[in-house]
Amino acid sequence: MDGLYLYCIREKTDGEKTLAIKGIDEENDIYILFCRELEAVVSKVPLEEFASSKIQKSAREDLNWIKGKAVIHGRVIDEAMKMDGRFLSLIPMRFGIIYKDETGLKASLEKNYDGIMGVLDKIRGKQEWGLKIFLENKEIFRGNIRRKNTLIKIKEAQISSLPEGTAYFMEEELKDIISKEVSKELDNITESIFEDLKKYAVNSTKCKILQKELTGKSETMVLNAAYLVSEREIGDFKKEVENLNHKIQAKGFSLRYSGPWPAYNFTTLEF
Amino acid sequence: MSEQKMTHATEATNLADILERVLDKGIVIAGDIKIQIADIDLLTIRIRLLIASVDKAMEMGINWWQDDGYLSTKAKNTEMEKENVTLKKRVEHLEAKINKKITR
Numbered sequence: 001m002d003g004l005y006l007y008c009i010r011e012k013t014d015g016e017k018t019l020a021i022k023g024i025d026e027e028n029d030i031y032i033l034f035c036r037e038l039e040a041v042v043s044k045v046p047l048e049e050f051a052s053s054k055i056q057k058s059a060r061e062d063l064n065w066i067k068g069k070a071v072i073h074g075r076v077i078d079e080a081m082k083m084d085g086r087f088l089s090l091i092p093m094r095f096g097i098i099y100k101d102e103t104g105l106k107a108s109l110e111k112n113y114d115g116i117m118g119v120l121d122k123i124r125g126k127q128e129w130g131l132k133i134f135l136e137n138k139e140i141f142r143g144n145i146r147r148k149n150t151l152i153k154i155k156e157a158q159i160s161s162l163p164e165g166t167a168y169f170m171e172e173e174l175k176d177i178i179s180k181e182v183s184k185e186l187d188n189i190t191e192s193i194f195e196d197l198k199k200y201a202v203n204s205t206k207c208k209i210l211q212k213e214l215t216g217k218s219e220t221m222v223l224n225a226a227y228l229v230s231e232r233e234i235g236d237f238k239k240e241v242e243n244l245n246h247k248i249q250a251k252g253f254s255l256r257y258s259g260p261w262p263a264y265n266f267t268t269l270e271f
Numbered sequence: 001m002s003e004q005k006m007t008h009a010t011e012a013t014n015l016a017d018i019l020e021r022v023l024d025k026g027i028v029i030a031g032d033i034k035i036q037i038a039d040i041d042l043l044t045i046r047i048r049l050l051i052a053s054v055d056k057a058m059e060m061g062i063n064w065w066q067d068d069g070y071l072s073t074k075a076k077n078t079e080m081e082k083e084n085v086t087l088k089k090r091v092e093h094l095e096a097k098i099n100k101k102i103t104r
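Line order of the protein sequences matches chains A and B. Sequential numbering of the first sequence, starting at 1, is according to my numbering. Sequential numbering of the second sequence, starting at 1, is according to my numbering.
There could be a bad hint or two in this list.
Claimed, not checked - Covered by chain B, per the in silico footprint, the following chain A stretches (three or more residues, Cβ under 8 Å):
| # | region |
| --- | --- |
| 1 | 44–55 |
| 2 | 89–100 |
| 3 | 103–112 |
| 4 | 205–216 |
If you're looking for bench data, these hints aren't it; they were derived computationally from the structure. Don't be surprised by glycine CBs; every beta carbon is placed ideally from N, CA and C.
Using the sequences and the hints given, assemble the complete structure.
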């Protein structure tokens with residue numbers, strides 16, 4: 001028996017009833033289920049596999065399985081968001097929502113109809129853009145802190161005039177001062193950029209800092225943010241990111257944006 | 001327009017971005033079945049453990065490689081054996097000399 005895997009819900013279009021991309025099981029096609037002014041993007045999945053405890057185990061333990069399936073889920077939503085060179089108002093679902101049949105899904109859409117329409121209205125004509133700040137060069141950053149901070153300068157001068165044994169405790173104290181200054185300066189830098197870019201957005205949020213293990217990058221992520229930007233502001237938003245990136249490079253940081261994303265970060269209301 | 005995604009040259013579509021959004025964000029609507037995935041923090045920990053175990057394996061690999069200095073150890077042994085033989089000979093020679101003196 002087949003169930004239905006739900007990827008996203010989008011505003012009504014006059015487009016095709018299918019998408020030219022395979023579903024989460026890599027076999028069945030993606031199709032559209034209509035419900036008044038809504039479209040649910042779904043594909044069939046064999047329930048003997050997708051309702052099994054084996055799949056729950058994979059989802060918790062098998063990293064490769066998770067990666068593969070998450071990428072398919074994301075790709076389907078990316079496809080569903082685009083139509084004739086524009087981006088549709090769309091609510092992405094979190095991974096792993098399955099209905100036993102169309103009746104169940106339609107009932108759920110009807111039940112939540114007003115809420116869903118409300119979210120779609122709120123994000124219409126807007127795009128989610130990601131913004132990350134990376135600390136690229138720790139030496140430049142630390143060097144700047146040392147030069148600017150008089151307390152650190154004084155301590156360093158004192159230490160250099162002391163015999164080695166006595167200097168030890170002061171060195172520890174200095175390390176403490178530096179690490180406090182580092183986190184203060186990191187906060188200042190990331191906060192001012194995060195705030196500055198809010199000018200171009202209707203909504204913004206800070207996301208989890210992703211660890212190096214996940215990003216596969218050697219630089220440290222110091223800010224991970226998302227902005228909901230009106231279509232007409234996107235050009236200015238990007239220009240400002242470039243501009244800020246240019247300025248911040250001298251301090252040892254880099255700024256990167258990505259998008260447009262489906263509004264994952266601005267459609268988080270739960271039913 | 002489709003190329004507009006990830007327009008910034010330095011930003012490739014990062015797997016971490018996709019995982020973070022797909023597994024952690026988006027609307028949760030009550031379906032009949034929910035595939036429950038480990039959240040992003042747990043994933044990071046799992047990956048970290050994975051990397052750690054790879055490190056351990058490499059460490060063991062290196063040890064194994066160092067142990068495989070078996071050949072060089074063997075070479076060292078034969079050298080010692082040779083030295084042993086010559087020393088024994090010298091000792092025997094000296095002992096013989098002493099014995100001769102005593103018997104005289």
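Hints, one by one, checked against the model:
With 4 residues having a beta carbon nearer than 8 Å to a beta carbon of chain B, the region 44–55 of chain A meets the requirement of three or more and the stated coverage holds. Counting residues of the region 89–100 of chain A whose beta carbon lies closer than 8 Å to any beta carbon of chain B gives 10, which meets the minimum of three for the stated coverage. Given as covered by chain B, the region 103–112 of chain A passes the check, having 4 residues with a CB less than 8 Å from a CB of that chain where 3 are the minimum. Check result for the region 205–216 of chain A against chain B: holds, 8 residues qualifying (beta carbon to beta carbon below 8 Å, three or more required).
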